[in-house]
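J.: Next come the chains, spelled out residue by residue.
There are 2 protein chains.
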Amino acid sequence: MSPREAQALDLFVPLDRSRRGVGRQIEGQLREAIRGGALVSGSKLPSTRALAEELAVSRGVVVRAYAQLAAEGYLDLRQGANPAVRAVAPSAPAPSPAAADAAPVKVRHDLRPHLPEVGMFPRTAWLRSLRSALATATDGDLGYVDRRGLPQLRGEVAAYLGRARGVVARPDDILITAGSTHSLSLIARALARSGARAIGFENPSHWLLHTVADRAGLQPVGVPVDRHGLVVDELEDAEVGAVVVSPAHQFPTGRALSPERRAALVRWARASGALIVEDEYDAEFRYDRAPIRALHGLSSEHVAYIGSTSKTVAPGIRLGWAVLPAALAEAVAEELWSTMLHIPGIDQLAFGDFIRRGEFDRHLRRMRKIYRGRRDALVAAVERRLPRLAVRGIAAGLHVLLELPRGSSEESICREARSRGLLIESLSQHALPGYSGPQGLLIGYGAILEPAIAEAVEELARAVASAG
Amino acid sequence: MSPREAQALDLFVPLDRSRRGVGRQIEGQLREAIRGGALVSGSKLPSTRALAEELAVSRGVVVRAYAQLAAEGYLDLRQGANPAVRAVAPSAPAPSPAAADAAPVKVRHDLRPHLPEVGMFPRTAWLRSLRSALATATDGDLGYVDRRGLPQLRGEVAAYLGRARGVVARPDDILITAGSTHSLSLIARALARSGARAIGFENPSHWLLHTVADRAGLQPVGVPVDRHGLVVDELEDAEVGAVVVSPAHQFPTGRALSPERRAALVRWARASGALIVEDEYDAEFRYDRAPIRALHGLSSEHVAYIGSTSKTVAPGIRLGWAVLPAALAEAVAEELWSTMLHIPGIDQLAFGDFIRRGEFDRHLRRMRKIYRGRRDALVAAVERRLPRLAVRGIAAGLHVLLELPRGSSEESICREARSRGLLIESLSQHALPGYSGPQGLLIGYGAILEPAIAEAVEELARAVASAG
Numbered sequence: 001m002s003p004r005e006a007q008a009l010d011l012f013v014p015l016d017r018s019r020r021g022v023g024r025q026i027e028g029q030l031r032e033a034i035r036g037g038a039l040v041s042g043s044k045l046p047s048t049r050a051l052a053e054e055l056a057v058s059r060g061v062v063v064r065a066y067a068q069l070a071a072e073g074y075l076d077l078r079q080g081a082n083p084a085v086r087a088v089a090p091s092a093p094a095p096s097p098a099a100a101d102a103a104p105v106k107v108r109h110d111l112r113p114h115l116p117e118v119g120m121f122p123r124t125a126w127l128r129s130l131r132s133a134l135a136t137a138t139d140g141d142l143g144y145v146d147r148r149g150l151p152q153l154r155g156e157v158a159a160y161l162g163r164a165r166g167v168v169a170r171p172d173d174i175l176i177t178a179g180s181t182h183s184l185s186l187i188a189r190a191l192a193r194s195g196a197r198a199i200g201f202e203n204p205s206h207w208l209l210h211t212v213a214d215r216a217g218l219q220p221v222g223v224p225v226d227r228h229g230l231v232v233d234e235l236e237d238a239e240v241g242a243v244v245v246s247p248a249h250q251f252p253t254g255r256a257l258s259p260e261r262r263a264a265l266v267r268w269a270r271a272s273g274a275l276i277v278e279d280e281y282d283a284e285f286r287y288d289r290a291p292i293r294a295l296h297g298l299s300s301e302h303v304a305y306i307g308s309t310s311k312t313v314a315p316g317i318r319l320g321w322a323v324l325p326a327a328l329a330e331a332v333a334e335e336l337w338s339t340m341l342h343i344p345g346i347d348q349l350a351f352g353d354f355i356r357r358g359e360f361d362r363h364l365r366r367m368r369k370i371y372r373g374r375r376d377a378l379v380a381a382v383e384r385r386l387p388r389l390a391v392r393g394i395a396a397g398l399h400v401l402l403e404l405p406r407g408s409s410e411e412s413i414c415r416e417a418r419s420r421g422l423l424i425e426s427l428s429q430h431a432l433p434g435y436s437g438p439q440g441l442l443i444g445y446g447a448i449l450e451p452a453i454a455e456a457v458e459e460l461a462r463a464v465a466s467a468g
Numbered sequence: 001m002s003p004r005e006a007q008a009l010d011l012f013v014p015l016d017r018s019r020r021g022v023g024r025q026i027e028g029q030l031r032e033a034i035r036g037g038a039l040v041s042g043s044k045l046p047s048t049r050a051l052a053e054e055l056a057v058s059r060g061v062v063v064r065a066y067a068q069l070a071a072e073g074y075l076d077l078r079q080g081a082n083p084a085v086r087a088v089a090p091s092a093p094a095p096s097p098a099a100a101d102a103a104p105v106k107v108r109h110d111l112r113p114h115l116p117e118v119g120m121f122p123r124t125a126w127l128r129s130l131r132s133a134l135a136t137a138t139d140g141d142l143g144y145v146d147r148r149g150l151p152q153l154r155g156e157v158a159a160y161l162g163r164a165r166g167v168v169a170r171p172d173d174i175l176i177t178a179g180s181t182h183s184l185s186l187i188a189r190a191l192a193r194s195g196a197r198a199i200g201f202e203n204p205s206h207w208l209l210h211t212v213a214d215r216a217g218l219q220p221v222g223v224p225v226d227r228h229g230l231v232v233d234e235l236e237d238a239e240v241g242a243v244v245v246s247p248a249h250q251f252p253t254g255r256a257l258s259p260e261r262r263a264a265l266v267r268w269a270r271a272s273g274a275l276i277v278e279d280e281y282d283a284e285f286r287y288d289r290a291p292i293r294a295l296h297g298l299s300s301e302h303v304a305y306i307g308s309t310s311k312t313v314a315p316g317i318r319l320g321w322a323v324l325p326a327a328l329a330e331a332v333a334e335e336l337w338s339t340m341l342h343i344p345g346i347d348q349l350a351f352g353d354f355i356r357r358g359e360f361d362r363h364l365r366r367m368r369k370i371y372r373g374r375r376d377a378l379v380a381a382v383e384r385r386l387p388r389l390a391v392r393g394i395a396a397g398l399h400v401l402l403e404l405p406r407g408s409s410e411e412s413i414c415r416e417a418r419s420r421g422l423l424i425e426s427l428s429q430h431a432l433p434g435y436s437g438p439q440g441l442l443i444g445y446g447a448i449l450e451p452a453i454a455e456a457v458e459e460l461a462r463a464v465a466s467a468g
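Keeping their order, the protein sequence lines are chains U and A.
Here the first sequence stands for residues 1 to 468, numbered as in the working numbering.
Here the second sequence stands for residues 1 to 468, numbered as in the working numbering.
For the record, the hints were derived by calculation from the structure and aren't laboratory data.
It cannot be assumed that every hint is accurate.
The list cannot tell twin chains apart, which means a pair is met if one copy fits it or any two copies do.
[Unchecked claim] Simulated crosslink set (EDC-like; lysine to aspartate or glutamate; CA at most 16 angstroms straight-line):
1. 369 x 53
2. 44 x 376
3. 106 x 416
4. 106 x 172
Pulled out of the complex, with its shape left as it was, chain U reads as follows (with noise of 0.2 angstroms):
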């Protein structure tokens, strides 16, 4: 293939060889595709002799016709380059939605609590695992593979949650997915595809649970949170034969699950034939001691275990994984296969790689002493500047609650920060219909630099000092 030949690019030119003018068809083919925002300015068509060959014309044909075109102005024509529209477009494209949803006010410090810090992904490590995949990949990992996801991939995730969470899967009872919420996703699909009309939630849970499962076809059912996490008891009650709990650090609580209440939990779900939905989506950011055994190892054929690496290595990879009870994997499997047919296999090669030269596990260290930084500087803050408010769920991920005293509005310290250019989230948003417990503001330090931790607390404090 010769150099050029190498440039040529694909170009839409129906020709009407029963018509004359082949050259008049060219030329108005092209221009009408300019014009009519088809070809957009810049594109590069394909040299003279490679779109003479492709049309079966001779090149005379195609010279006089991209001659003319550059007459009119429609055509940037350079010895040596391919030829190129110019900017002749008639209309920009319109602003797009979400740049229009928008704050107006300019972010100065975001803190929303489910955001990870993506400014540390290891792009040399995350490339290097990226060669590995494709020096290594077979044909068949290219191709369309195992719907439940590559079996290299399954065996890591299956090695390090053993040896990180005491999970105990084989790799057959894992499936691969995009993440935590699209984990939930097809489970509740699975469950509501076999007859069940709703799921529990703990409440408050993050709203986005609440939606993924309303539009799978479940109504989301709130159950109250004390202080020893989800109350067991009014299980009973709620009418569910599932729920979704995050016993390591409840979101958005920060509480972790009893041990008694884990028993309970697990003693309703044999009792009642229900599952349970393990959510560890931050389970690997726990700063002090005393981690916390993930609740798949007390009843694995009633526990679904969803993680993902959204939070531990970047949104951006989309990676994430469901260890399933032998009962529920071929529905659940079925779910991601007739939607999307397969998570992508180099990026689950990739991350194969990634977990076996350590270089995960080298992450998520190294992540959790620069989380523990953040933590301890935002608590520090927080005691010295809105002493009056009660720090929660500070042991683990990657936010903490700031418990606010009767009479405060939520709302209005929200809008407050806003006008300040504070992201922050409030308790409420996450809360279900029936809850009743303290209002509260969800501080996260997960997109926010140490040092600039302080001046944030600073603003806060004044925002709900304004707010009164």
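On the provided structure of chain U, position chain A as indicated by the hints.
T.: Just chain A, lined up with the frame of chain U:
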């Protein structure tokens, strides 16, 4: 970070400090984890120093625990390396169901109609684009991104569709998905949510798409296909508000929708306010003259245009797009968001770079030549060895249809072929209820090397003869 620390792995060892014998606890927990399979053979443990630091115990405690486990045969201790778990796993994992499904006969030629050539996947160029993606990604690109896809990629796809397929789309009309199946699944779910109950399909058309629609809550209704393509008049009787078509190259008959039918189809959609889902699953591979313009150009308000890289690059990258009518765009994007949030950002950046560098067009041209050579070899071999079978749908795509004479049995030919190590599909496999057309064999040439084609057809001819 010291090299040794960099090697350390995350390990789950919850200690009860209220009890005595912390060293015994460590030892016991590791033993249990190895015996129970949580720590699999070959797993590396943290160095004594790292684990001691992590657990806040003296290093001697860990040294003694490791030594005891090594004495019992559970660990390998080597100077300068991390301790490793020895092969004492209690039971091997069960064989995967996928492996059990595999045909007992050795596959000699895989002639299934939907397989592209992944052996030509441009690994080097793709890696270059991944490298560029990681070098240029903003932190935002690595986080949670626009559910519709990154604007950079939507811009590149819009420009590509404009110049190569005559599809005029603004980046804001485009949704990035995991491929055509995913796009159809999301569109079908959005239609079902808005109250639709059924969706029309060409009869026959790919069975996978029927399944996807069915699982999305829409009953697939077959609409006949004749030599001009979809019989548009029959759409009225089908009582559907949407129909899926492949106007450029109908699967599996290989026919193109005639100009009259194209016009009639658009009239039907306009008159009834219906949606046409235009599936251009392989439109890029057109070997003879006269490219066919996408239907989308006739009525962008009534056409959802879907395309994918699965056939053009490789299924393993799982990237596709849907160009959506404004009225539907938000609802379809919402379906994607509420299941998996968005498509991986890094993959999106890489594919955008891949198009921008001209690699996508270059790969298409290269593959078009290769597939054209295989197509020619296949058609020649069939004419030579199976002259009684009419060859249909040769102008495009990755397969041909061999029409069987009356009285032949698709089923027995496919069974014979399978026993000889040939994987082929039959036309009836893709039929919906009501199909009354001819029988036929679908012979794919996407995944067979050109020199092997003559032998494969030789074998196929024997299978046809044996089946009587």
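J.: Failing hints, ascending?
T.: Violated hints (numbers, rising): 2, 4; every other hint is consistent with the structure.
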